[in-house]
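Enquirer: Construct all of the structure, not just a fragment, from the sequences and the given hints.
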Amino acid sequence: MALTIPVDRAVLGYAAAVVIISLCRAAENHGNLYVAAAHLGLFPLIWLVRREPVGPVGRLLGEIYPILLLVGLYSALDVINATKIGTTYDDVVRGWERGLFGGEPARDWWRSAPSQFWSTILHAAYFSFYLIVPIPLVAFGFRRRLPELRRSVLILFVTFAICYLTFMVFPVAGPYYEYPRPTGTFVDNGPARLVYATLAGGSSYGAAFPSSHVAGTVAAAAAAWLGDRRLGALLAVPVVLTLVGVVYCQMHYAVDAIAGTVVAVSVAIALRNAA
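Each residue of the sequence shown is one higher than the last, beginning at 361 in my numbering.
None of these hints come from the bench; they were simulated from the model.
Check the hints yourself; a few may be wrong.
So the derived label-pair ranges between C-beta atoms look like this [unchecked claim]:
#1 V417 - G462: 45 to 55 Å
#2 P474 - L525: 32 to 42 Å
#3 V600 - L400: 18 to 28 Å
#4 W456 - R410: 38 to 48 Å
#5 D548 - S626: 24 to 34 Å
Keep in mind it's a predicted model, so treat the numbers as computed, not measured.
Glycine included, C-beta positions come from ideal geometry on N, C-alpha and C.
Expert: Spelled out as structure tokens, the structure:
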């Protein structure tokens with residue numbers, strides 16, 4: 361199989377890294393053997409994807425399959441990090457936080473300036489992650505702009521892959537787990553309830569640094585900007601609100617948000633000429 365599309369190589373590189381990490385941890389948790397087997401399955405999957413697709417839907421799925429895989433890849437983190445519960449690097453990250461900001465913004469900000477209005481807006485921005493990430497794929501896919509679509513898929517996948525691999529080797533629980541959670545009128549709004557319900561059903565422990573939430577939204581906006589400046593500009597406002605919201609709503613340390621931004625911007629710059 362000739363891997364002529366860069367994102368295929370990125371997927372296989374990620375899969376190979378996860379297989380190695382999972383096998384190294386198999387003695388601690390036998391569930392890692394299943395994770396390794398599942399990631400080995402990505403090799404024949406790509407061979408199947410790159411066979412002659414059937415119809416426009418098949419061709420589209422062949423282009424965006426790495427993004428569709430992300431849900432399953434994220435779910436595997438709980439198995440990989442199962443033995444790391446209670447042995448995270450939160451103390452290290454909180455030390456960076458205090459050194460940079462003279463305090464812990466994720467813990468203190470909403471307490472010192474509680475606002476139901478901003479809680480509503482910023483929790484909504486936090487949830488908009490699930491809407492923002494696919495926007496460049498939808499925009500370029502429906503306009504049949506294949507180079508821009510492929511570049512967007514590559515930027516998004518590599519960004520998330522870097523975050524996921526970091527979670528495995530440097531697990532950080534984050535303020536969602538480390539601090540008492542906000543209560544009262546601060547979270548008495550629809551977006552906050554929606555966010556907490558979503559996290560209760562699908563949050564992976566140890567997946568705070570860098571913030572993949574911030575990284576994903578910044579990567580989506582950057583990919584959109586590279587292909588369509590107007591689209592990228594439109595995404596700038598929800599991206600900034602998400603960056604602020606993850607800290608104000610006590611989902612991530614400020615350092616997590618900064619690191620997520622750095623990862624996404626670095627990947628977008630490195631891959632800006634990819635197609």
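Enquirer: Against this structure, judge whether each hint is valid.
Expert: Here is what the structure says about each hint:
no. : hint                    : in the structure
1   : V417 - G462: 45 to 55 Å : holds (54 Å)
2   : P474 - L525: 32 to 42 Å : holds (36 Å)
3   : V600 - L400: 18 to 28 Å : violated (40 Å)
4   : W456 - R410: 38 to 48 Å : holds (42 Å)
5   : D548 - S626: 24 to 34 Å : violated (39 Å)
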